[in-house]
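Asks: With the hints as your guide, set chain B onto chain W.
Protein chains: 2
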Amino acid sequence: MLSRVFSAPRLFSRGFSSATNDKYFINVNDTIVEKTKAPLQKFTDKSKLIFGKDFSDHMVEVAWDSEKGWGAPKISAYHNLSLPPSASVFHYALECFEGMKAYKDSKGNVRLFRPMENMNRFLSSASRICLPSFNKEAVVELIKKLVLLDKDWIPEGRGYSLYLRPTLIATQKSLGVGASNSALLFVIASPVGPYYPEGFKPVRLIADDRYVRAWTGGPGAYKLGSNYAPTIFPQLDAAKKGFSQVLWLLNDYVTEVGTMNMFVLWKNNQDELELVTPPLDGTILPGVTRDSILKLARQWGTCKVSEKLFTMAELAKAIKEGRVKEAFGAGTAAIVSPIKSINYKGEEYPIPIDEQIGAGPFTNKVANAIMDIQYGETDSDWSVVV
Amino acid sequence: MLSRVFSAPRLFSRGFSSATNDKYFINVNDTIVEKTKAPLQKFTDKSKLIFGKDFSDHMVEVAWDSEKGWGAPKISAYHNLSLPPSASVFHYALECFEGMKAYKDSKGNVRLFRPMENMNRFLSSASRICLPSFNKEAVVELIKKLVLLDKDWIPEGRGYSLYLRPTLIATQKSLGVGASNSALLFVIASPVGPYYPEGFKPVRLIADDRYVRAWTGGPGAYKLGSNYAPTIFPQLDAAKKGFSQVLWLLNDYVTEVGTMNMFVLWKNNQDELELVTPPLDGTILPGVTRDSILKLARQWGTCKVSEKLFTMAELAKAIKEGRVKEAFGAGTAAIVSPIKSINYKGEEYPIPIDEQIGAGPFTNKVANAIMDIQYGETDSDWSVVV
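Quick note, the sequences are listed as chains W and B, same order.
Residue 926 in the working numbering is what sits at position 173 of the first sequence, and the numbering runs on without skipping anything.
Residue 1073 in the working numbering is what sits at position 320 of the second sequence, and the numbering runs on without skipping anything.
Only chain W is shown next, with the shape it has when bound in the complex (with noise of 0.2 angstroms):
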């Protein structure tokens, strides 16, 4: 096997303890809300939006530079961003983002899941590149706004949601390669379907060893759009050859699938039932959603549950063995996304999938228990009534 050094992730800030310093405090009290005038043409069949799309009436801003701090909080319509040409988001891809969305019950209330969880992988992320903190409950509020002013834009039904995307970029005006001395958050909001409209739809996958997304050292931990930019010719290229998502490996050892975390269900080597996904290393995005089922999983007390490193060729060994039962991805967007083959080094290794349901019944049973949570039907402190 090869060898493989590990780090667990770092966690950085930007010479500075508390997010309670005023510079790097967003006081939502000072939130200025203009409606907007002119309302944006909204979805009138829901089963048609498209992901990422269509975009709701309002947006998020807040400013910060370096000499005054984070500056008043303002929810306006839905607007294009100015910004001069050397803004150094333009050139040294300084920005980071989230993914997560607010749901609508079937008594009408608005929820979110588990909206801390995004915000602490959103701090991290910009402190990994020198943006500014920000006290994490304040961007949660303001998203909360947001979402009560827009509430109808959130389609109705199990697996329809209003996808948020906060941000964060650098708006620092000259070219020098440094810490930006601007920036600006800002979170848009849009309407989606469930992502398997007609039930789950498995994916081949291919493990592509010619491109690594994350590796030992590097910032694949955080969710900073410099990870996502180099993905995108992979991608096609495995769409070329038919694959749904790239398998990404760091010297053989099993990281992400597409861009979302993976997880295995097989019998181990030790004969035992066994969930297993790659550990937080620094070269693993930490998803909300992989911790969750994580979570899920170990409260079911049904199979042992293991972060740790598994390489493909053990992993296409197991399938040769039929030891594995099921895999899947999991990511906000899909919850799971059930995986039927894996092609490595030219060979397509087959994953069970229950024709009936199009995924394993333990992928199914995660899909649903989150589900269940997100839109109310099972009482649990991860959603946020807001």
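In short, the hints are calculated from the structure, not lab data.
Heads up, some of the hints might be wrong.
As the list makes no split between identical chains, a pair holds if one copy fits it or if it spans any two.
Stated by the list, open to error - Straight-line alpha carbon distances no greater than 27 angstroms define the calculated DSS-like cross-link-like pairs of lysine-lysine that follow: (1) 788 <-> 827; (2) 827 <-> 926; (3) 806 <-> 897; (4) 806 <-> 821; (5) 788 <-> 806; (6) 776 <-> 806; (7) 926 <-> 795; (8) 897 <-> 926; (9) 1118 <-> 1073; (10) 1098 <-> 1061; (11) 821 <-> 993; (12) 799 <-> 926; (13) 926 <-> 790; (14) 926 <-> 904; (15) 790 <-> 827; (16) 954 <-> 1073; (17) 897 <-> 860; (18) 994 <-> 776; (19) 801 <-> 926.
Replies: What follows is chain B alone, placed relative to chain W:
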């Protein structure tokens, strides 16, 4: 020694074999020039110029979309860009750029240095992230138009220049992670002074293996914004400890220094005087200055010239044994940046510097030879009179 898999940088194209395809052809004859009506405040004291802070009166813009291809190029007053907050450049770092300069020679002619080399790399970077192809000559022509129009913004004197920043960004309005269906190519220009106004200032480096800039299978050989964002924190961390730059290692192999290519002049194990720089194996930016230095050194024939891998352990050993004569970084901004010491595993490794000139004689010779060409003092087809 640690193993390292080799991979040559791969070039990519977006499913089109020729840049003469209409959708990927910029027609310079269509250029619209709108001279500024509000000239910007021009520098009065060229000695006070700060890199990338002031911009000249005009900028170039060419917009592309997947249906209509490249539109008419436009040269107009320097102005803000207006983009939707959903534009993919803000989220997935779909952006690449070039750094080049226009020089004024002693006769008042405006000159560019090997502009097609920058265009070759620009196109290669664009292709790596699925941004549209273009006819490279057209972009050079547009740059020429810009520098002639803003000729008065080129500060006079050896070491002074107008820094040019061709940039290509994805402007797609939707949040799906994929190839952008629209893009904007722009060029801005900033008057700059010499990197070393008072003679060379040799730098102290730290070889910090906690952070890795680029890795095998990653996009390190392309000038993408995404290669820069993650380097800023390590750079600040190094600065806090009193070092000027990070010497980037990959499995202990020396790769780059700060944002420059790395050169060492040493007596190798065969007791030959050898100029060595890491090879273009996909983890190194193919620098135009790097290439120019290699070509000059090969022409001079005063030492062996090698593009090959070497580890920091090998370099440290050579320094200890007194075999390292000079070391320097190479890039467009500084041409060469002499290195006076490297901190490695807590130990300081000093490199000889001629105290009189602040650099070794070879480093100094390289800088002068390149500047002589850039400012037209030496005849060379590398210098293009505009």
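Asks: State for each hint whether it applies.
Replies: Hints and how they fare:
Taking identical chains as interchangeable, the C-alpha atoms of residue 788 and residue 827 lie at most 27 angstroms apart only when both belong to the same chain, with a minimum of 10 angstroms there against 36 angstroms between chains. When the C-alpha separation of residue 827 and residue 926 is checked against a cutoff of 27 angstroms, the pair qualifies both within a copy, at 22 angstroms, and between copies, at 22 angstroms. Within a single copy, residue 806 and residue 897 get their C-alpha atoms as close as 22 angstroms, which meets the 27 angstroms cut-off; across copies the closest is 38 angstroms, which misses it. Taking CA atoms no more than 27 angstroms apart as the test, residue 806 paired with residue 821 passes between copies only; the shortest distance there is 20 angstroms, against 35 angstroms inside one copy.
Taking the shortest Cα distances, residue 788 and residue 806 sit within 27 angstroms of each other inside one copy (22 angstroms), while across copies they are farther apart (37 angstroms). When the C-alpha separation of residue 776 and residue 806 is checked against a cutoff of 27 angstroms, the pair qualifies only between copies, where the shortest distance is 24 angstroms, while the shortest distance within a copy is 35 angstroms. Proximity of residue 926 and residue 795 under a CA criterion of 27 angstroms is satisfied inter-copy only: 17 angstroms between copies versus 36 angstroms inside one chain copy. Taking CA atoms no more than 27 angstroms apart as the test, residue 897 paired with residue 926 passes between copies only; the shortest distance there is 24 angstroms, against 31 angstroms inside one copy.
For the identical chains of this complex, residue 1118 and residue 1073 are intra-copy neighbours only, at 25 angstroms inside a copy versus 63 angstroms across copies, given an alpha-carbon limit of 27 angstroms. With identical chains, the CA atoms of residue 1098 and residue 1061 are at most 27 angstroms apart within one copy only, with a shortest distance of 23 angstroms there and 30 angstroms across copies. Proximity of residue 821 to residue 993 under the C-alpha cut-off of 27 angstroms is restricted to the inter-copy arrangement: shortest distance 24 angstroms between copies versus 50 angstroms within a copy. For the homomeric pair residue 799 and residue 926, the shortest alpha-carbon distance between copies (20 angstroms) is at most 27 angstroms, but the shortest distance inside one copy (41 angstroms) is not.
In this homomeric assembly, residue 926 and residue 790 come within 27 angstroms of each other (Cα to Cα) only across copies, at 22 angstroms, whereas the closest approach inside a single copy is 31 angstroms. For a Cα distance limit of 27 angstroms, the shortest separation of residue 926 from residue 904 across copies, 22 angstroms, qualifies, whereas the shortest one inside one copy, 36 angstroms, does not. With identical chains, the CA atoms of residue 790 and residue 827 are at most 27 angstroms apart within one copy only, with a shortest distance of 15 angstroms there and 33 angstroms across copies. For the identical chains of this complex, residue 954 and residue 1073 are intra-copy neighbours only, at 23 angstroms inside a copy versus 61 angstroms across copies, given an alpha-carbon limit of 27 angstroms.
Proximity of residue 897 to residue 860 under the C-alpha cut-off of 27 angstroms is restricted to the intra-copy arrangement: shortest distance 18 angstroms within a copy versus 64 angstroms between copies. For the homomeric pair residue 994 and residue 776, the shortest alpha-carbon distance between copies (25 angstroms) is at most 27 angstroms, but the shortest distance inside one copy (50 angstroms) is not. Proximity of residue 801 and residue 926 under a CA criterion of 27 angstroms is satisfied inter-copy only: 18 angstroms between copies versus 40 angstroms inside one chain copy.
Checked against the numbered hints above, the structure breaks none of them.
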